[in-house]
Amino acid sequence: MDEGLPIAYQLLEDGVPVLASDGQQVGTVGSVLSAPEEDVFHGLLIKTPGHGIRFLEADSIAAIHEHGVDLRIDSAAAQSLPRPEHKAPVYDEDPAKQTKWSHLVRKYTGRKDWDHER
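Under our numbering, the letters of the sequence shown match residues 373 to 490, in that order.
Heads up, a few of these hints could be off.
Unchecked claim - Within a straight-line C-alpha distance of at most 16 Å, the following computed EDC-like cross-link-like pairs (lysine to aspartate or glutamate) qualify: (1) LYS419 <-> ASP386; (2) LYS419 <-> GLU385; (3) LYS419 <-> ASP442; (4) LYS419 <-> GLU429.
What the hints assert, rightly or not - The calculated label-pair distances, taken between Cβ atoms and stated as ranges, are: (5) SER403 <-> MET373: 18 to 24 Å; (6) ASP394 <-> GLU429: 27 to 33 Å; (7) HIS439 <-> GLU410: 23 to 29 Å; (8) ARG455 <-> GLN397: 18 to 24 Å; (9) ALA407 <-> LEU476: 31 to 37 Å; (10) ASP446 <-> HIS414: 17 to 23 Å.
Since the hints were made in silico from the structure, they are not lab data.
Backbone N, C-alpha and C fix where the C-beta goes; we use that ideal spot for every residue, glycine too.
Sequences are here, hints too, so could you generate the full structure?
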């Protein structure tokens, strides 16, 4: 499989295959976790077949290419990757329909604009 040229994590796209050190595809890139203002790469959230979304820390990544991410761990170790610790916040109301008035009501009544999925 031609993985293309090596790239920086900032250029990595969703859906790129993630390959374990034994050559098995263990998932695809879901999203990149980084602190761009500090140029720190934390790792990836990968979509795994049958196991859902898993967190892959940066130290487990050997190389990032245009069409593939190579891991330092084998497919057996990749099967035991942890789930992400926190879920992303979701809106409890459609922001496109929110008005200044509804925002003020929420502010003064203490109702939050954000709610975390549980």
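Verification of the hints:
1. LYS419 <-> ASP386: Answer holds: LYS419 to ASP386 is near 10 Å, not above 16 Å.
2. LYS419 <-> GLU385: The hint holds at about 13 Å.
3. LYS419 <-> ASP442: Holds. LYS419 to ASP442 sits at ~15 Å (cutoff 16 Å).
4. LYS419 <-> GLU429: holds (14 Å)
5. SER403 <-> MET373: 18 to 24 Å: Cβ of SER403 to Cβ of MET373: about 22 Å, so the range 18 to 24 Å holds.
6. ASP394 <-> GLU429: 27 to 33 Å: Because 19 Å falls outside the window, the suggested range is violated.
7. HIS439 <-> GLU410: 23 to 29 Å: About 28 Å separates the Cβ atoms of HIS439 and GLU410, which means 23 to 29 Å holds.
8. ARG455 <-> GLN397: 18 to 24 Å: holds (20 Å)
9. ALA407 <-> LEU476: 31 to 37 Å: holds (33 Å)
10. ASP446 <-> HIS414: 17 to 23 Å: holds (22 Å)
Going down the numbered hints, you'll see the structure goes against just number 6.
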